[in-house]
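J.: Letter by letter, the chains look like this.
Number of protein chains: 2
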Amino acid sequence: MRIAIAALMLAAASAHAQDLMPLPASVTPGEGALVIDTGFQITMTGYQEPRLRAAAARVVARIARQTGLPLSGAFEPDAAATATLVLDTRAPGEAVQSPAADESYTLEVTTQQARISANEPTGIMRGIETFLQLIRPGEKGFVVPAIRIEDRPRFAWRGLMIDSSRHFMPLGVIRRNLDGMAAVKLNVLHWHLSDDQGFRVESKVFPRLQQMGSDGRFYTQDQIREIIQYARDRGIRVVPEFDVPGHSAAMLAGYPELAAGPGPFQIIRTWGVHDPTLDPTRDEVYDFLDKFIGEMADLFPDPYFHIGGDEVNGKQWNANPAIQEFKRAHNFATNEDLQLYFTRRVQELVRKHGKKMIGWDEILHAGVPKDVVIHSWRGAKSLAEAARQGNPVILSSGYYIDLMQPASQHYAVDPLNGPAADLTPEQQKLILGGEACMWAEYVNAETVDSRIWPRTAAIAERLWSARTVTDPESMYRRMAAVSRELDWLGLQHRSNYIPMLDRIAGTAPVSAVKTVADVVEPVKGYARNRGHKYTALSPLNHMVDAARPESDTAREFATLVDAALKGDKAAAARVREKLAVWRANDARLAPAYGGSFLLAEVAPISQDISALGGAGIEALDYIAARKHAPRAWIEKQQALIERAKQPRAELLIMIVAPVEKLVNAAK
Amino acid sequence: MRIAIAALMLAAASAHAQDLMPLPASVTPGEGALVIDTGFQITMTGYQEPRLRAAAARVVARIARQTGLPLSGAFEPDAAATATLVLDTRAPGEAVQSPAADESYTLEVTTQQARISANEPTGIMRGIETFLQLIRPGEKGFVVPAIRIEDRPRFAWRGLMIDSSRHFMPLGVIRRNLDGMAAVKLNVLHWHLSDDQGFRVESKVFPRLQQMGSDGRFYTQDQIREIIQYARDRGIRVVPEFDVPGHSAAMLAGYPELAAGPGPFQIIRTWGVHDPTLDPTRDEVYDFLDKFIGEMADLFPDPYFHIGGDEVNGKQWNANPAIQEFKRAHNFATNEDLQLYFTRRVQELVRKHGKKMIGWDEILHAGVPKDVVIHSWRGAKSLAEAARQGNPVILSSGYYIDLMQPASQHYAVDPLNGPAADLTPEQQKLILGGEACMWAEYVNAETVDSRIWPRTAAIAERLWSARTVTDPESMYRRMAAVSRELDWLGLQHRSNYIPMLDRIAGTAPVSAVKTVADVVEPVKGYARNRGHKYTALSPLNHMVDAARPESDTAREFATLVDAALKGDKAAAARVREKLAVWRANDARLAPAYGGSFLLAEVAPISQDISALGGAGIEALDYIAARKHAPRAWIEKQQALIERAKQPRAELLIMIVAPVEKLVNAAK
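Going down the list, the protein sequences come from chains H and A. Positions in the first sequence are counted from 1; adding 501 to them yields our numbering. Positions in the second sequence are counted from 1; adding 501 to them yields our numbering.
These are calculated hints, taken from the structure and not from any lab test. Treat the hints with care, as some may be off.
In this list, chains with the same sequence are indistinguishable; a pair is considered to hold if it fits within one copy or across any two.
Computed cross-link-like contacts, DMTMM-like style, restricted to lysine to aspartate or glutamate with a CA-CA straight-line distance of at most 20 Å [unchecked claim]:
{"no.": "1", "residue 1": "K1070", "residue 2": "E532"}
{"no.": "2", "residue 1": "K1034", "residue 2": "D538"}
{"no.": "3", "residue 1": "K1015", "residue 2": "E1078"}
{"no.": "4", "residue 1": "K882", "residue 2": "E1057"}
{"no.": "5", "residue 1": "K882", "residue 2": "D1069"}
{"no.": "6", "residue 1": "K1162", "residue 2": "D603"}
{"no.": "7", "residue 1": "K641", "residue 2": "E1102"}
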């Protein structure tokens, strides 16, 4: 029995695949299970190379971490008949991985042995992650269920963009996130390396770039090479982005002569769209970019090169008479025309240095060359337009994980839905895939993991698995398992939570602080900077930084309330328990408000959470007694609910909606 | 007002010192507070050296971690007038730190500046830790309260022994535990580097020691030097131990000709006292030890050298006719006499290589030379005997943290109490201090931090603070703050807890697994290996490995029950809440028992925890109703309580005693 996994068929298919994320293309359950114990051995057949050997060593270390079994030196060179796991590779694959890489693999597990077969090492990397997700405690020890999986990705470009410019991300952050990406089968690290707030790569040709543009926080070329190797070892490409002609203040700090406006320039510490912009009319600028792109094209082996191109406000162009004259001379009606001129010239340079150019969707213009990849971020419309125009395109609109939206919202965004649904099959092929984008205005090394993970796993599944895999409930269940796996891998999205709450707590019991944190979320979209002027130097140590983008507690509570309102007594009892905890919680924090400014700012929220707990219990009492709640009571609760819906301390209380349902049911 | 802090005076003294551990010798509260913000600067005056500069950099990094404030490059070379923190050092101190190091310091904090003054860098290291413990969130931002602290240790030798032999401890474990030691002002890492189960240091003179005795898991000499420097940077000495003549199977694996019995020998994988022993009668053995001790004495600069000397079972000696003949020829009546002969000859070698010898208390004998330090472990009696005999002595009896006893029990052990109380002041001066001992039969790199911390902080306070500082309630409160600080430092005693429970949980909700884990403790003393044959290769992934040595939840519950039984209504309500959670908990786990062998083994415990929850609630109902519980009910609960007191899965349920109190009160 072979089963193509689709949402509705999943439950019927197999409990074996229940923790897999992304879901494989096809799963055939077997009988029995393979035992994983201290005798675990791994071997290789077929084509062999050092990164396969390194992958084998990682498998051993990760099983040891996952299971607690003392394993070491479990690699056996010639044990194809007896090894627990065989990695069987046909051929070497590309010297530099591209979107053409063959990531397909077959995983066959019997009670005797597991075998991952792939045409090239990249497929082996994907199969390894599936194998590791299948290990679980069985009745007598750890096992992998007998199974046959055939798997391949739906889209060739499945990326995560990390912004190292706005907050510098140390190498450890990049490494552990590459591990996380590999775990969910993402294959592109799009590295945003320059912006107004920092230029982050050592240039030997133009050393003032990092000297004047980074506060000393940049990656040396050796470190870049190390990261590229680390990524390649995991079947991940590294695509650099150097943003021009806007978002370039940090570049211009060292080379103000390239600017369209008068310098000097310095690193900008505030967020938003700023004025400093390259001058697109002067040959010196292209001479600079020629040498710079040449240097970076050598450093980054990937065939693609991202030149940004977004959010040019045009102020410096408008204010510069020479540029205005240039526009007139060239018959450029708008700054968009001028940017197209710039884009074309930059693209010639990028092509000259052997790369394909990518730019944000601002560069999409009727005249843009057909081999330029458009990176769609301002809406899926540009995705369809680009493909219709014949340009390859990547989707990030809908995948901006800095906006603090729920995983289900990202999960529902399919590159082939919406405007792209009308494309011809040929045009649809131009849609290479997508990227989650981790912009770094409000994240630093301490918090970034908790913004990327686990939600990015949902985007990874969208881009890997069948289009029909869309059930959010299944996604959330499997994402919880992935979150646990990522913790074992060293991601800090879970482990940094309590220490950050400890910092806020002062003398309050941290368990009570956690009760608040568990049911709040940061404000959504671009709401965070309103009324509070953040800069690159602002501490990110508030409750809004510790709170998770998505409250599991609140989501589960909403489900329980729905069940309770449909008459499920057990659910009603658990709803009551939770409400009781919230009702009692503020009293535990109140004595400590005076002692901690970080706690005091959430006092109104904590008080409302306790009030909502009380309102919910009273509503349950009315419902249980089959009484209508009096009008005065209802009005009081509605006032509470309205207040509790307002953001305070840049936080939203996520249990308001289900409590409102209870109150309405008591009417 | 200057206050010498004693237990009873503490509350009166100052809320400022409320989180300090170990408590300083004297604290004088001031007015106001020093602000710690992004403008934080640190500078040095007086004597300067690289490790002070490194300490300053660590202070900046740790404040950033602790507060979340973005600090970097906050060191200012010439800012004595304006810096937030001044490190003022008089002189360089010893080239190699010894117990004579001057660790005293003065910390003076005004609203304008903090200043740590010390005679030598070691005192600065201690003052830094006090300063960091004083940082807290105030009403408007982070502050350090104005204060004057004068401080110095009570004992010069305050150690932690780490056993890297029975389970190899990677360098990261050693480094982070050195950070933890520094945080609680411990100053000696006693490093147990050889035993039957492993020889862990590279010897260039006798390379078969590590080749045959370590499974490839040993520290290179460069790594040892790196750790010694890391320790010295934090004012910590590193005292190596190479255990002879017993506990030497791993040494004899490479050099069987040194043994008293016939070889070959190999690494032993089981625990306990084993037979392989050096032959004390042959000159080749002393030639070997001469060269070996010479090599290690060069590698480890500390003036002390630990030769073990414990647990010689004498079987190989008794079975060897030549050794029996040697005993007769030398008029040695017992094997103890023969070991004394060995000890004296080894001590000559240790002295020849410029070191003072330490040995476990088995080497204490009327004839042992007066400059040998006795390490008391089998009872405090040997401590007093050694001092009476004129030998310096270190206490570890009562500080064996592998025995899973509560912090309060270790805290109550004072080197100058018990048999030592009768010593003369001169004799008492021979008591150098003590060491917590982390023997490694049942710990590995994943679990070791949770066995060392936070309990070792209580021992550290015993050895640093005044003898009169003995209140366990204050100790537990401050130890909780230290535990949080250690988490920020990178210790994994807290962060590994949930991942280990995740591994056990299988498909069960980890919160329900945690509810069980929170109220159990590993069996105490040497009970663990009974009925279960552990070896060095046994997985340490069971609930007994995840459970903390001491259940905070159970301790706090016991306090609540006492309050409730004295009529505290609020306490009674909280007792009831907790009992209700336990009562409901097993139902959440039951569906998952079949899916995980690691969970299934705790099923009986989980069931009893829920039964105890029910018993407690029913008892509260009888008490509240002022009714006598019926005899049948009482008998049923007593049977439950007796069963629940028995260890299962090597675990103890720690809420049995308080529930028993409730049941008795309902009689």
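J.: All hints are to be evaluated individually against the structure, with a verdict given for each.
T.: Against the structure, the hints come out as follows:
{"no.": "1", "hint": "K1070 <-> E532", "in the structure": "neither (38 Å within a copy, 58 Å between copies)"}
{"no.": "2", "hint": "K1034 <-> D538", "in the structure": "between (55 Å within a copy, 17 Å between copies)"}
{"no.": "3", "hint": "K1015 <-> E1078", "in the structure": "both (17 Å within a copy, 18 Å between copies)"}
{"no.": "4", "hint": "K882 <-> E1057", "in the structure": "neither (34 Å within a copy, 59 Å between copies)"}
{"no.": "5", "hint": "K882 <-> D1069", "in the structure": "neither (44 Å within a copy, 66 Å between copies)"}
{"no.": "6", "hint": "K1162 <-> D603", "in the structure": "neither (50 Å within a copy, 67 Å between copies)"}
{"no.": "7", "hint": "K641 <-> E1102", "in the structure": "between (50 Å within a copy, 10 Å between copies)"}
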